[in-house]
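Colleague: As given, the protein sequences belong to chains A and B, one line each in that order.
Using the UniProt record's numbering, the letters of the first sequence correspond one by one to residues 1 to 324.
Using the UniProt record's numbering, the letters of the second sequence correspond one by one to residues 1 to 324.
By construction, these hints were calculated from the structure, which means they are not laboratory data.
Here the structure is a predicted model, which is why all the values come from computation and not from measurement.
Watch out, some of these pointers could steer you wrong.
Pairs count within a copy or across copies, as identical chains cannot be separated in the list.
With a straight-line cut-off of 25 angstroms between C-alpha atoms, the simulated DSS-like cross-links for lysine-lysine are [to be verified]:
1) LYS20 / LYS34
2) LYS289 / LYS34
3) LYS124 / LYS34
4) LYS124 / LYS221
5) LYS108 / LYS179
6) LYS10 / LYS225
7) LYS10 / LYS149
2 protein chains.
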Amino acid sequence: MSGEFNLIEKYFVNRQPQRKDVLLAAGDDCALVKAPGNVEIAISTDTLVAGTHFLAEANPAWVAHKALASNISDLAAMGATPAWVSFALTMPEIDEAWLAPFCDSFFKLADYFGIQLIGGDTTKGPLSLTLTVQGFVPEGRALRRDGAKVGDWIYVTGNLGDSKAGLEVLLNPEQNRAKPYAAELEERHYVSAPRVLAGQALVNLASSAIDISDGVIADLKHILKRSQVGASIDVSTLPISPELRQFAPDITSAQQYALTSGEEYELCFTVPEENKGSLESALSHTGTKVTCIGQIRPVEYFELHNNGEPLSWNLTGYDHFKVN
Amino acid sequence: MSGEFNLIEKYFVNRQPQRKDVLLAAGDDCALVKAPGNVEIAISTDTLVAGTHFLAEANPAWVAHKALASNISDLAAMGATPAWVSFALTMPEIDEAWLAPFCDSFFKLADYFGIQLIGGDTTKGPLSLTLTVQGFVPEGRALRRDGAKVGDWIYVTGNLGDSKAGLEVLLNPEQNRAKPYAAELEERHYVSAPRVLAGQALVNLASSAIDISDGVIADLKHILKRSQVGASIDVSTLPISPELRQFAPDITSAQQYALTSGEEYELCFTVPEENKGSLESALSHTGTKVTCIGQIRPVEYFELHNNGEPLSWNLTGYDHFKVN
């Protein structure tokens, strides 16, 4: 009974407060949980592979944060309250020097959001992590991608572009390490804050929402496709951090970072005109910065402009299986 | 929007009948489901890695069956009724010649058990699969590992040992391919039938249960540890298929296969004396063969015997992270 079993017990069992709706966590064939009667359960699965989603030599605390935060961000995008997480860890060999800081960071973030680890699997193989998170959303109130209407305003939370800048530092340190705020942007690539409170506040106000994992343009296009609408984006309104503004060579470049930066884990959402006032007040209570970056247009209309001046930038989002 | 998105739509979306409790499957940040009010949800996660759990060149239809069946088997071991599955697929590149038979087999088995794919992830990296299955069990009635009592009888479903024999054929074809029933045993290693009906029938009869993924000895020891009891096993009673009996060089060898064969996905369970009669009648209705292989003893007592004659075999189960 060595190896896998001791590893699980040492690093993963009894690390957290017990939720009342978790009847059985580790130690049996399945976890047993009980959902409240008046909710829908929102469920999301994400895999992070070493070499594809993080560098194998990355700080394990950052990797843990990124893995869990990216999943919680999917719950936030539906307006759900996090509850449970299952975690499958594949690693080439037991590496306690990696596991210890990984788990400390994982449980710190999990505890912050009141999400309990209920089970999972540990296997031998190339380093990768798959998480399935579950949360509750009031019946019929989930934020979906298919509710945007022509005339709705398009918003994003936080700032955009930092994650992509951080990734460039990670991938090409020699060219980028000396640029302003390189270290801060690198950390931001890994350590984002899922917008759970903002998502909950949007439940009765937004007409659609998505989290930004592939770049705001690519993710907004998911909303447009599902809602059968188009959009107009004013790049001059994009929220850009002072750090990115100094890292990027010019404002155009910073705006292009903002439009295509994946793994931001900010929310992009649409709000009908009549909810605009309530939105800004509701979000201010959560301490979340929001910025209106454009407006929903009729289907097949998609325009980028700079304060009214049309742009013809050729931008693409992130796609793991893309050939080029 | 090429690559990942088209891949998901082509192979995974709209392949199954829609369950009424699945409000939203693919196409948004999360799936949305609704659990009945009077059940507990049983949740299990398993990862299969190419090279560790299956050979990269294995028949993709068998790999799909094994991945889903091994997860459904965990539900069966709790007495749960399968409902939903999330599936994370990591592969080095899009391989449609692999995906097409994989998905056909996956959905065939899923449909058989009425389990709906509700979401997942596709990522680029070394081939591996992580599934999270969920099912329902009546409140407070789940079969757990911690209920075995001294005097309870120990049972297994089906036959034991075929999976290990099949694995030997796979791993050492030159030495084993000419042995009797080599091809049948190889297929059995991949294609087992999860004991869902048997698990449901055991809900009010068994005092504990587990599915056999690491070998019956290793898995029974999980029950013994959690229940704080010991056991006595009569190896002469082990259910051995006629095919294994001919494949193995002698009966002792076949019995040792049976005790240590992992990934069988049969159930091992304990039954109080007073439920023995009801058990055999209930299981016969499901068409499941069951065999009594021993009895629960006081803690720290663990004995293998051959029809009364003590044995001192040194057996170990399967452990991915075991050093030797």
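Colleague: Take the hints in turn and mark each one as holding or not.
Modeller: Taking the hints in turn, this is what the structure says about them:
1. LYS20 / LYS34: both (9 angstroms within a copy, 19 angstroms between copies)
2. LYS289 / LYS34: neither (35 angstroms within a copy, 33 angstroms between copies)
3. LYS124 / LYS34: Result: close neither inside a copy nor across copies, 31 angstroms intra and 34 angstroms inter.
4. LYS124 / LYS221: Classified as between: cross-chain Cα gap 22 angstroms, same-chain 38 angstroms, threshold 25 angstroms.
5. LYS108 / LYS179: neither (31 angstroms within a copy, 55 angstroms between copies)
6. LYS10 / LYS225: between (46 angstroms within a copy, 17 angstroms between copies)
7. LYS10 / LYS149: Neither: 51 angstroms inside a copy, 28 angstroms across copies.
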